[in-house]
Amino acid sequence: MKISLVCAIALTSVLAAAVAETIDFPGIENHLYCPQGASVCKAIKLTVLFAILCLSSGMEYVSNQYSLTFENGKCSFQGLNMPYEGEGFGPGCIYLKCHYVNRSVDIYGCPPPPNVFPLSDYGLADNRIWPNCCPGHEV
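Read in order, the letters of the sequence shown are residues -16 to -1, 1 to 123 in mature numbering (1 follows the signal peptide of the UniProt record, and there is no 0).
These are calculated hints, taken from the structure and not from any lab test.
Treat the hints with care, as some may be off.
[Stated by the list, open to error] EDC-like, lysine to aspartate or glutamate: derived pairs with alpha carbons at most 16 Å apart:
| # | residue 1 | residue 2 |
| --- | --- | --- |
| 1 | K58 | D105 |
| 2 | K58 | E71 |
| 3 | K81 | E71 |
| 4 | K58 | E69 |
| 5 | K81 | E69 |
| 6 | K81 | D110 |
[Unchecked claim] Here are the in silico distance ranges between beta carbons for each label pair:
| # | residue 1 | residue 2 | range |
| --- | --- | --- | --- |
| 7 | G57 | R112 | 25 to 31 Å |
| 8 | N86 | Q62 | 14 to 20 Å |
| 9 | L108 | G76 | 17 to 23 Å |
| 10 | E122 | Y68 | 30 to 36 Å |
| 11 | E55 | P98 | 31 to 37 Å |
| 12 | E122 | Y50 | 15 to 21 Å |
| 13 | A109 | S88 | 25 to 31 Å |
Backbone N, C-alpha and C define an ideal beta-carbon position, used for all residues, glycine too.
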């Protein structure tokens, strides 16, 4: 989880304002004064709001970067070479389909989607090869 610099600065300034409210600075007018009877000060409410917003917006999914190249009518994905409109089977129970013209590779995992089947008979009776390696699809 990463918190953006802007959120961190905003959260720090709101926290500083909340702390400044509880400390008496002689000669400086306190604009964030809360009456003694207030249960939760405005600055504290802002701090909680900023914390929730910053933490939720600062979360991000970090994915792996994979190499994908297209040359000589073949797709190359993570060292697996597939001919035009060809297929490949990768580690971790995945099935790859090359689309050379569109410059894309479809990656299928578990559970296998309906109506997507390997074009070849490779691994047809092997539970280590997709889709047989998916739970509930063993042969």
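Practice prompt. Provide an ascending list of the numbers of those earlier hints which the structure does not satisfy.
Written response: 1, 6 and 12
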